[in-house]
Amino acid sequence: MQVPILKQGPYLIATIQSALTDADIVQLRDALVEQVGRYRSRGVIIDVTALDVMDSFATGTLRDVAHMVRLRGAETVIVGIQPDVAFAMVHMGLTLEGVTTRLDLEEGLDHLNRNIKSAAYR
Amino acid sequence: MGIAELRAESKTASESTAALLRELVAHLGENRTQLREEWIRRITEGRLLTAMSKDEIFAEATSVYDSYVEALETRTLEALQAYAQNLSERIIPRGVETHEVVGIVLLLRDVLARSLFSKYHADSRLLNAVLDAYEPAANAIAITVAVGFVRERERIIRQQQEAIRELSTPVLQVRERLLILPIIGLIDPLRARQLTEQLLRGVRANRAKLVVIDITGVAAMDATVANHLVLTVEAARLLGARVIVTGLSPEIAQTLVNIGVDLGKMNTVGDLQGGIEEAERLLGYKVVPIAEPMPA
Amino acid sequence: MKPLEVMEDSAMAVASDSDIVLARNQGRVVALRLGFRPTDATLIATAISELARNILLYAGSGEIAIRPLERGKQVGLAVVARDSGPGIADPARAMEDGYSTSGRLGLGLPGVRRLMDEFEIHTAAGQGTTVTVKKWIP
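Protein chains in written order, with this note's numbering: chain A, 1 to 122; chain B, 1 to 296; chain C, 1 to 138.
Quick caveat, the hints were computed from the structure, so don't treat them as lab data. Treat the hints loosely; a few may be bogus.
[Claimed, not checked] Which residues of chain C face chain B? A partial, calculated answer using Cβ under 10 Å:
| no. | residue |
| --- | --- |
| 1 | THR130 |
| 2 | LYS134 |
| 3 | PRO138 |
[Claimed, not checked] Each pair of labels, with its calculated beta carbon distance range:
| no. | chain 1 | residue 1 | chain 2 | residue 2 | range |
| --- | --- | --- | --- | --- | --- |
| 4 | C | GLU120 | B | ASN128 | 37 to 45 Å |
| 5 | B | GLU135 | C | ASN25 | 46 to 54 Å |
| 6 | B | GLU70 | C | ASN25 | 41 to 49 Å |
| 7 | A | PRO4 | B | GLN85 | 48 to 56 Å |
| 8 | B | GLU251 | A | THR49 | 55 to 63 Å |
| 9 | B | GLU277 | C | GLU120 | 37 to 45 Å |
[To be verified] Footprint (simulated), chain C over chain A, 3 or more residues, beta carbon under 8 Å:
| no. | region |
| --- | --- |
| 10 | 20–31 |
| 11 | 68–75 |
| 12 | 103–115 |
Ideal placement from N, C-alpha and C gives every residue a C-beta, glycine not left out.
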């Protein structure tokens with residue numbers, strides 16, 4: 001199942017709507033990294049609220065997205081990780097180090113807005 | 001013997017067993033008042049149900065007696081099971097013990113058996129036949145009531161344990177988006193798990209950005225629990241909340257260092273007040289436009 | 001407690017990455033039906049996801065079996081991941097954090113061990129691999 005990517009102002013918002021296969025996640029990664037350049041986006045939000053499992057492959061690929069997107073000049077925020085999913089992830093040692101996580105889409109947007117604003121002050 | 005066996009028994013029971021049980025039920029019905037009095041007398045003598053008044057014992061005894069006879073008559077245990085559960089719900093909070101419940105049911109079985117002896121003692125073959133019909137049914141009834149009582153007690157105990165665990169780790173919202181989790185007493189791995197679940201759900205439910213976990217009331221924790229605390233802090237971060245741990249005792253600080261905690265991941269402040277101040281300062285960045293954004 | 005005999009052993013073939021999703025969903029359903037808390041059901045589903053992916057990565061195909069367990073009064077669940085692939089030459093090393101021959105994260109097996117209560121691996125070079133993990137309701 002393909003993940004829809006919405007372009008909203010300077011941001012790309014990918015909302016995962018159901019369980020993803022490995023191939024779906026890879027496709028999402030490639031699409032995001034490509035579109036960040038095409039739309040000259042400043043930020044990427046990946047909403048994982050619908051994911052009931054985030055294993056090493058999903059976590060690793062999303063971390064890759066964040067790193068690649070950063071190399072392309074934008075910031076990634078992962079939002080909506082469920083409590084039980086977070087609990088399982090930390091047990092596995094999957095802590096998404098260096099990746100910003102926020103409660104939900106609203107918080108993710110808030111984070112990006114403030115970061116971009118503070119960058120403008122510099 | 002369970003319901004299934006009792007039913008199977010009744011299915012394969014010869015017509016004569018069925019007839020005997022019918023006769024038995026008629027006998028128990030006719031002598032209801034007298035047998036019930038005798039039973040209550042033996043309950044009092046045996047100092048059972050001491051937590052209940054005479055009137056209460058009389059009322060319960062009447063219901064139990066009638067349910068008992070009904071179970072013999074219909075040869076099904078469902079009604080009795082429901083009654084036993086209902087009875088247990090009422091008398092467990094009064095402090096009635098397992099031995100009392102089992103005791104009174106066995107006494108009733110004995111009282112009824114005695115009355116069968118005196119009625120049929122002249123004809124030992126008939127007496128044997130009556131007892132053959134009576135005993136399995138009576139035992140099944142005793143087991144049903146006892147099991148029903150014990151089950152209800154176990155259910156209540158589980159419920160209470162759950163409640164105590166939850167009460168022992170309240171998740172308090174002190175400001176908008178700020179939760180406090182004061183932990184007091186011993187933390188075993190099971191409680192640690194519960195604590196984490198409550199914290200993570202609390203973060204989501206209250207849209208918390210900051211959580212202060214105060215462990216002033218925890219004297220020591222082993223490496224497993226300390227590791228668990230670290231995992232909890234990391235899991236909260238994945239949800240988008242930052243955790244400040246306050247009130248670490250020297251022992252716990254040592255445990256954390258010994259297990260090699262990455263102190264970069266763990267934000268600690270000396271005491272609860274300092275932790276709340278720090279949390280408010282961090283939350284305050286939101287309304288002061290010249291401030292640095294809150295780091296992840 | 002739900003009667004255990006109503007649930008049959010379910011073995012699922014793992015041959016494509018959509019089978020990973022099916023296997024872990026099935027694991028969650030069985031865990032919840034046995035009476036596991038949702039949090040534990042998520043840990044179990046995550047472990048199954050890792051085991052199923054290992055099968056795909058290292059053996060190409062295999063199967064995952066999920067079955068209920070009883071030990072005295074305790075109820076639990078076992079997951080058996082079996083393949084007839086090349087096997088693991090050095091299983092002890094495969095259990096170390098960060099070890100991987102597939103180039104991916106390599107957190108798979110040690111992570112699975114931390115998610116579950118019991119972990120057993122039978123493997124040898126050329127002999128295929130069977131990983132059995134168990135979790136009990138606390």
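Task: Hints that the structure is at odds with (numbers, increasing) - done: 1, 2, 4, 8, 9, 11, 12
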